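Student: Two chains, two separate frames, one set of hints: put the complex together.
Chains as they are written, first to last, in the numbering used here: chain A, 1 to 109; chain B, 1 to 900.
Hints listed in this document are in silico derivations from the structure and should not be mistaken for laboratory results.
Don't take every hint at face value.
Not the full set, but computed from the structure, chain A residues with beta-carbon under 10 Å of chain B [said to hold, decoys possible]:
no., residue
1, 31
2, 55
3, 57
With the Cβ distance kept under 10 Å, some of the chain A side facing chain B (calculated, not the full set) [as the list claims (entries may be wrong)]:
no., residue
4, 10
5, 14
6, 27
7, 28
8, 47
9, 66
10, 75
As the structure is a prediction and not an experimental result, all values here were calculated from the model.
Backbone N, C-alpha and C define an ideal beta-carbon position, used for all residues, glycine too.
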Amino acid sequence: MARQDALQGSLPLLVLKLLARRGPLHGYGMATQIEAMSDDTLRVEEGSLYPALHRLEETGWIKARWTTSETGRRARVYEITAGGRKQLAAEEERWKAITAAVGKILKHA
Amino acid sequence: MSLWSRIVNVFRPGHVQHELDEELQFHMDERVRELTAAGMTPEAAAREAARRFGSPLRLREASLDVKLLPWLDSMVRDLRLGARMLRKNGVVTAAAMVSLSLAFGASVAAFALVDALVLRPLPVRQPDRLIYLTVPTGNPERPEGDTFSDPVFLRLRDAARGHVDLFAMSTQVLRPAKFDGPAGEKEQLRTQFVSGDAFDRLGVVPAAGRLIARQDDLQPGAHPVAVVSHAFWMRRFGGDPAIVGRWFTLADSRFALEDRPFQIVGVAERGFTGIEPGRPSDLWLPYAMYNPRAFGNFYFGWFRILGRLNDDVRVEPAQAVVQAAFTNLRRERARLDGAGPARSPAEAARFIVTPIYLRSAANGPSPLRGQFERPLWILAAIAALVVLIAGSNVANLFLARTAVREHEMALRLSIGAGRGRLIQQMLVESALVAGAACALGLLFAAVAAPAVVGMLAPAGDPVHLDLRVDWRMAAFAGGLTVLTTALFGAGPALRASSVAPMIALRTGGRSGIRARVMRPFVALQVAFGLVVLFVGSLLVLSFARLSSVNPGFAASDVLLLSIEAVRRVEPAERRAALLQVLDRLRNIPGVQAASAADYNVLGRAWTYGFSVPGAQHDKFEATMAPVTPGFFETMSIPVLAGRGFVSRDIEAQHSTAIVVNDAFARRYFGRESAVGRTLEGRFAMDNDSAADYEVVGVVADTRHDLRKPAAPTIYILLPSERSGTLHVRVAGDATALASRLREEIRAASPLFRATSVTSQAAVVGDTLLRERLLALLAGFFAVVGLVLAAVGLYGVLSYSVVQRTREIGIRVALGARQLAVVRTVLLDAGLTAIAGAGLGLAGGLYLARFAEALLFEVRPLEFWSLVLPLGALAVTGLLAAALPALRATRVDPVIALRYE
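If we strip away everything but chain B, and leave its shape as in the complex, we get (with noise of 0.2 Å):
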């Protein structure tokens, strides 16, 4: 008999003695007959038979244990006993194991999205001695810039050579490309440019053909070669091998690679996708295929400087070869050019020293993991809070099901069970719970961690977070499962174990534990419930606040409408397409205004530093906003002086009149009317010339960041080689409209056609996410925290008012009042839950400071925040502790006493 079989044998208990019965009931039976062959009574027989044959439960039982594996053995009895026990008290035991599982499922979520984020290493070689460089920005927002230019690239990569090997990878950027011929469907890659030695450096290997290398670094624009990315492979191609040498054809008007022809030479390998979690790269091209502008050209940062660092380096020593190399090229910067005309002595100076630090690359640089890393670790936080407050809810159904089970505890006892084994029992039971409440929850969390990784960005531009099942998600919920067994399942079951035979026994296994015992449990769970529900309100009010700010301008019914040019044309031919696509718009019945921006209210196209005229240290940036005329009307943007741009102004050759915002006319021009007056400035895209601007108006400000008050903006007109988005102000259904749209463009000019369709309200969404995210979630767990803490309150109290049923009786039988009997029960679970709730506004007040970054206009320490989340709390608990209240009034002191 193997080991295989002694286990199978556990499962099939029933089989096994039946066998043994039989094989010992044959030999009593033949022993019986052989003594009355021999002349005895069969009376005599059986009995002188049993005294030979000895005890055969004693030895049923020893042959029991060889046949089978005697722990195993009592394991499986005490999980069908267990599986038994839970049915019986089956709502009870759903309530348990939904609450846990839910709490589960979003922690199991929040580490799977923690993990793919902030915690597992780029699949490289070697992460952890991969490296990049940033230098600080003086932007409290971004405090530190990883964009390097070309010329600064190659200095450091000279300079650094023996300690770490600089190479350089872009910032991914959407290109259309065409694999069918020019007439094909255009696709959007997400694209990135690397140096040579890139996927050398990274450690990277070719699945199919050869990777860039350096030999596609030589000369700019000289190699036409793309690597595609394991994944993208099989999306586009299915995995086909003939992919290689393949030509295909990318787009992007703004870097002059007009339809380009590519040849893809190879396929990197499968799990290697970029070195930024959550935004997986399609096509790698060389960094020599880049823009022509951008080669030795300081002013163009465009991609990071990744390292890694020789074996045996350390990074200080690497860091200061980098710095001194880095100060020196800048040094030389400073004597050569001054740098730009406004740089003090002082600023140069500073510009010298600059400092540049190596940065861990080992999980891959990533703005997305600055952007959502708090959000995700809060979310973490708080789903771990409703873990515990699941878990006291199990802990205290179990003690209160020891209470009822303590006639049994003792009785086991009593007939020689040991205590370990009572214990094991117990474990066992909450073991079961937890684990089946893990399997849910996974279930869940294979459910929930994609949606909110569908929250992390707009739709249009989604973020690809790797969310396998692997070990270490194994290894998560299985600890997850072992610890809330420990944690809530150890106490009641040494509690069970500790039970006095004798007393419980006389008592007829009635005078329970007392609900005393409970009380850490509920005002743990009021603690933690009011920690969730606190930060989460705040979340709340955060999110509500800031959806309510006025922006300066209308987002509702603005359809923003993409365009491209179908064929390359002059820009004066594109300008009058777009004009008459425009006047062709507006009179649509349903349009109420139309222009044309090459940026969003909520961005930028891009910016241009001043110093303020008289005060030179009184620098700063203003948003560049090229639009066409009737954008004011468009977007309702109030004019506050002078006018906004006209059609001649847009028909003019070389219009110089721009129209600025009431925060820049404030900034630079002070109190003096800044209508009439000019700017000198570099304004024009396409050419790089000084010229005299006019502001012709002054509009009301806008907010590009609705968190921020306005910034200064200039508004120029859109040039004439662009026709950037439309903007369509319309009344009534707007979608009925969208179509409509369309067909009126191409109609008006077969030049262009309208590719994507979205709404100013849509992006003014898109800029909250972050803040929609959490609101969404903590506040879905607040409630969730909060009508767990009222079940824990709820069944606390119930128990301790049929504990009590008796000493109700007598009192009331001597003469209390209703109302005194209620405050009795009151009074016990108020002051629970008074202590739970002040440790809890302590643990929330102390969370709430890792929020604090977050919120918007919404302070710990004010009204609202601390109103909310306590008044939840205190009508929940009044509604909680309203059902057994009554109960106890209902108290017949007769039935009571008669009980006993």
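This is chain A alone, in the form it adopts within the complex (with noise of 0.2 Å):
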């Protein structure tokens, strides 16, 4: 549970920043990918990704299509847009910031 939370105020960071690195991406491949790349640390209940996305996608830094997939099924496949990367941009800054901060209270305290 602890791990989930730990997720929800950092979800968007990630959607934004693996559809800029990756391009074009449907819902099931973020949570497989987030999965994997965080070795399986980053554990989200994997439907409270959608809200998220929709979230974004009403917000304008994401927009969504429907696309075919590999197995033949329509898939709402998500990219990110041109504000979607300004955002990112300015979220990483303010995460570096934050993590350094609390890294540098972690180690000096």
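Tutor: Shown next as structure tokens:
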């Protein structure tokens, strides 16, 4: 549970980064990527990815379209927008600053 | 996704949900596929996928909230549900809606009329700074006069400079104009004379050309220019800009304007139609072009004095300045000529100290408003009451429905719906009904309001009120809808949301609310219904009595033909031709009598002041009536003493014969016989010299106004330069004869042609416009109110019988007699109705005080005024109660008890 909660706030950041690095992905693809890359440390309640995706879409940082997946089914694929890239840069900056600060405190306190 | 897409999504929730489900399902299926590929059994894989995914329902809701607007979504859902519920109760809903829309329509129409006639300010610059002058008249029916003469105006204008800029605008007069040369068609135009600074002071600008300006005031008779209204420009000339500079002729024999050429110099701005609401002017002419005899003449009052207060000047100082100038002027006049032979020192003093008032002209001085403001407010009040009655019906409908839906409400509450949500649901339903009723009502008002305007004035001289739909009207209709929803939707909504789920669910939803809850609404309905009924029947009674007044003349079968001379002739020739025409008409079969008169029995040519000999203080104004021989026969006015006019009177060169009516004879000559006595007066129109006139006969009284006793009247011979209106008494089909009469007039003399034909009966009808309007509309709403109250009573009684079926069953089973059962039902209703009726009567008597000034020989507290509405209410109430009572007696105890 704790791991999931820790993830909640940073989920949008991960999604934007993933889409910026890997190009268009559907929700399932993102979930597996996040799991694989974090060596299972970040384990999401997979469903909670979707409200986050829809919120990002609503804000205009990502956009969605329907494509056909490799298995021949209709899949909803997300793509980062220009606005999303800007937001990602800002978020990354902020994230680094926070982790650096927290790391400093952990080290020297 | 934009706000717009979220709004759109609200209206296609199926599509959005479907896409969401597909996306989530894809995820699950992919996970299952991967897990099975890794060696899990399909069942275990499905379980594992679901576990990892979390609750799809909750996630779906979360996503939906992002994709839709939650509040809008719930509103739309409520609307859909509401519409479905309303459709299910089709008949009841329709009844509620129709009654409500009728009431709304009436209110909106009443508002439109009141707004146009009473509330809306003039469309000029800073209308609240405009004033007009009035002086008291001493006549209780028209307590203030507002026409002034040229010398008074000039004096006041000079004196008031610096405080208030005074300008003159004449009363509106219909004058015939010809735009297409001397042979062209005559058109009746509403004309108004204005001083050169009037447009400037009002702040009106030209739409084309220029307006009447100060340079048009310089010399009487020397400025033949005219300005047309925008509406007339559009209507008559299609907005042709070439109208500026165009010449036309204006004919008015009365003021020596016979066919004078005028040049149009401009068009007034759109929207400005003069200063009188309801009486738009077509044409404005310079003050200096009025009848030359009016200038410098104190006895020629022909215009209003308006004024614009200078900046930072309050009314009181301006009033003081005007008053001082007015008093000075009157003092000079009293010193100069004593202002008439019969003025006593006390009268002279009163003449001098006459006050002069500055009245607000923000929405224009208007005799029409004076006449109809009160009737319109009364109609508006009645319409508002009908809204309340109809609204109560809707409230009861919803209350009864909540009872039926209690189960649904309880269920929704127990599965966690908030009470706020339920109240919203109920309010949305009420708003749905009110909104639809409002739309229907606006349609109704769009038809009704112009129809009422058409009833404000005779067809020949219609009133034009600007009934545009503007933000004021929209705000009124919107406000009415919201208010109705709040007033009559809130009760049922709170009621519905306050069900206790446990109790409601346990009793299977049939506990219901008691009929008791509806009682206040029913009592209110009865009360409002009775108020409307009471006031309505007063007005109807008043009109009935007024219509059956014996006016002293026979109005039926008398045709009135307006004639005009086709060329200018000497008086002698005109007189000969007129007598020739009358002779010819008398010989037509079907014509019983014919004569000419320069006035109508329901009017006056002019008035003449008398004081009774030997009693100087007893002064009165006699109505002057210029007629030809045969007039009394034509109008069936009996000759009481002496004789009527005969041909030798009118053939004589200077006849001094006059006939007086009984009222005059009694007032002036007292008990002595009037016949053979002489009167000194200036009765001739053309010369101002006094002469002795001999009374040759006394005729019976006729009413000049059906509401009032006959006024003292002097009949004089029609002056030879006038031809008046032809009065023809016919037997049989008057309309068939009318065209024959036209032909015969032309045949008798080429000098005359008939311009219009009407009947004396129509003239009588026109004088009763206000009373008829009130009686018709108030009577109509009285019936509507009564029916609505009956529907309400019926609804509640039926409901209460259904509710008490079990109780009644038990009582019948225990041996109660049928009569006793009926009594139980009726007692309840009766007490409610009586309480309502008492309230209504009090309200009715209160409201009747405002209507009293409009009533003719009807008092609120007299037999018929009380019996008529109360009787109607009692009969209707009994009818409404009969059916439910009957049903109560039919309750079969066996069925009623098994029902539970």
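Student: So, for every hint listed, does it hold in this structure?
Tutor: The hints, checked one at a time:
With a least beta-carbon distance of about 7 Å to chain B, the hint placing residue 31/A at the interface is held under the 10 Å criterion. A cut of 10 Å between beta carbons decides the hint on residue 55/A: the least distance to chain B is about 5 Å, and the hint holds. Against a cut-off of 10 Å between C-beta atoms, the interface hint on residue 57/A holds, since the closest Cβ of chain B lies about 6 Å away. For the restraint placing residue 10/A at the interface with chain B, the shortest Cβ-Cβ distance is roughly 18 Å, beyond the 10 Å limit, so the hint is violated.
With a least beta-carbon distance of about 17 Å to chain B, the hint placing residue 14/A at the interface is violated under the 10 Å criterion. The beta carbon of residue 27/A is positioned within 10 Å of a beta carbon in chain B (closest approach about 5 Å), and the interface hint is therefore held. Satisfaction of the interface hint for residue 28/A is found here, the shortest Cβ-Cβ separation to chain B being roughly 4 Å, below the 10 Å cut-off. Contact between residue 47/A and chain B, as hinted, is supported at the beta carbon level, the nearest pair being about 4 Å apart and thus within 10 Å.
Against a cut-off of 10 Å between C-beta atoms, the interface hint on residue 66/A holds, since the closest Cβ of chain B lies about 8 Å away. Checking residue 75/A against chain B by beta carbon gives a least distance of about 6 Å; that is within 10 Å, so the hint holds.
The structure does not agree with the numbered hints 4 and 5 stated previously, though it agrees with the rest.
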